Amino acid sequence: DAGVTQSPTHLIKTRGQHVTLRCSPISGHKSVSWYQQVLGQGPQFIFQYYEKEERGRGNFPDRFSARQFPNYSSELNVNALLLGDSALYLCASSLGQGDGNQPQHFGDGTRLSIL
Amino acid sequence: AQSVSQHNHHVILSEAASLELGCNYSYGGTVNLFWYVQYPGQHLQLLLKYFSGDPLVKGIKGFEAEFIKSKFSFNLRKPSVQWSDTAEYFCAVNGGTGRRALTFGSGTRLQVQP
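Chains as they are written, first to last, in my numbering: chain B, 137 to 251; chain Z, 1459 to 1572.
FRET-style restraints, in silico, Cβ to Cβ:
1. Z:1476 with B:187: 41 to 47 Å
2. B:213 with Z:1524: 38 to 44 Å
3. B:194 with Z:1470: 31 to 37 Å
Worth flagging that the hints you see were computed from the coordinates, not collected in a lab.
Please read all numbers here as calculations on a predicted model, not as lab measurements.
Cβ coordinates follow ideal geometry from the N, Cα and C atoms, glycine included.
Chain Z extracted, bound-state conformation (with noise of 0.2 Å):
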């Protein structure tokens, strides 16, 4: 079975600080790697996918993700945070064509202080 660990729960920085959110992933075989962000009061919105080619993926509003694939990893970065990045963000995988469910971690909640 798949799993996702995200293994920051809850990161605080202040705005400008750089931003890496760890994810790792266990499934052996062909994967798909999202990040979903889900700002307050408002429902999941995806951020970047990395379904194959580059590893370094990038997405909305100056996100990227690097899918390192002897680690099993998928890290979401962002060199400088705004107060707007407040949110919670959701690592997620589905195992390829004919799997098409996707597993979440459990999500790092990021707060950004002015």
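For reference, chain B alone in the conformation it holds in the complex (with noise of 0.2 Å):
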């Protein structure tokens, strides 16, 4: 079976400009996670998403935003780019509700480096 896949694999982009991240989940799986990881640190969660609806967010400005399509792929959104928005961006997706004993398998992740 395929595992999480996310695209682009890079992104190259200037400040201020906007990106979108893809990810499609494992097949069945039907929640879907978005973490941020900054060269050096663990995984920070950004948002997660469940049967279409945000059921979790971190601390992360009004700049991101997602959401769930009802094939159950996502798309992160960035809106007007900081330096600091470099970093490798994860799709993590897990079965059934979204519980928070079920376990998240993690895509390769998009590396989005910002000039």
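From these two lone chains plus the hints, build me the complex, please.
Below is the structure:
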């Protein structure tokens, strides 16, 4: 079975631009989460979605938004990019209702570089 | 708020040495605990998880971890490491039902020398 797939793999943007990152969960998984991993740190939670509804939001500014589609894929949007947004963006999916005890399965991530 | 501390940022071991990586968390309620591993060039993979029951959990590739509630700890162990265990290891926690987001530690980079 295919794992979590993310696109694009790498992306270079300039300050002030907008970016959209995409994620397809493992087949049958209905919950998708987004994390930001800055170099040298652990991933930080941004959003979680289940059945197209936001179920959790981390401590990120309103420039970050996300949505989940009927096929359970998801997009993460970041507006007005800043240098500090340079990071690896990870998507994770989990089975069932996205309850706390379901392990999350991660994709390879999108490496975003802001110039 | 939850937080996770991993005490060792970089560990260098020789093959066959024993491994213990520390992880402490701060959260007063019921928690689910995880160790993830990231091999060079690969995505995060689940090593093992603790939800309830036996506090000694076994994972893949000979790894195990012990949940000590009184110490808020979930240390990862392996009796004899191999060169192929070279990777970054992350401890993570979520606060049980209703708290679905994972809080990660900053990671420990393990380097195993042949």
